[in-house]
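> Construct all of the structure, not just a fragment, from the sequences and the given hints.
Count the first sequence with the working numbering and you get residues 50 to 168, in order.
Keep in mind that the hints were calculated from the coordinates and are not lab data. The beta carbon of each residue, even a glycine, is placed where N, CA and C say it ideally should be. All clues given are correct.
Restraint-style ranges between C-beta atoms, simulated for each label pair:
#1 Ser137 x Asn97: 29 to 35 Å
#2 Leu122 x Met50: 27 to 33 Å
#3 Arg81 x Gln115: 16 to 22 Å
#4 Gly96 x Asp138: 37 to 43 Å
#5 Gln86 x Ser137: 18 to 24 Å
#6 Ser139 x Lys117: 25 to 31 Å
#7 Leu120 x Arg60: 24 to 30 Å
#8 Val131 x Thr68: 27 to 33 Å
#9 Leu110 x Asn54: 18 to 24 Å
#10 Gln114 x Arg59: 17 to 23 Å
#11 Arg93 x Val51: 25 to 31 Å
#12 Gln135 x Leu110: 19 to 25 Å
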Amino acid sequence: MVMANSEILRRRAVLPIGTVMDLTTLTARQIRYYETQGFVHPSRNAGNHRMFSLTDVDVLLSIVQQRKSGLSLGEIRRMREVKARQTSDSDARKMLQDDILNQSGFTQAGRGPYGQGFN
DNA sequence: CTTCTGACA
DNA sequence: TGTCAGTA
50 MVMANSEILR RRAVLPIGTV MDLTTLTARQ IRYYETQGFV HPSRNAGNHR MFSLTDVDVL
110 LSIVQQRKSG LSLGEIRRMR EVKARQTSDS DARKMLQDDI LNQSGFTQAG RGPYGQGFN
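Here is the structure:
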């Protein structure tokens with residue numbers, strides 16, 4: 050699984066809920082609720098206060114947009130799940146290609162190291 | 001001062 | 001969801 054420095058930085062939890070409220074126009078109540086629904090995963094600091102990452106903010110912003118376009122939270126959750134599967138598949142395809150390129154795996158003809166179902 | 005959890009309308 | 005209470 051590749052991850053650029055920028056991605057690592059985007060995942061670092063450094064924003065208090067107050068800042069996230071300003072950035073997303075959401076109330077603390079809504080942000081905490083979305084956390085219970087599994088949309089964002091803020092970490093906690095020494096004082097048990099939530100600390101959000103830029104990735105969390107992106108997710109929250111997309112929720113704000115999707116809600117404006119009429120989608121329910123449940124529908125938004127489904128969209129998230131579908132995209133997660135598509136990402137997994139493309140990641141798996143990439144892993145298979147890498148294996149083919151460096152001649153690892155598929156040495157005994159037959160099933161690859163990732164089983165069937167892809168491509 | 002900011003945030004947290006639990007609870008009620 | 002908003003809001004109030006009592007904390008940390």
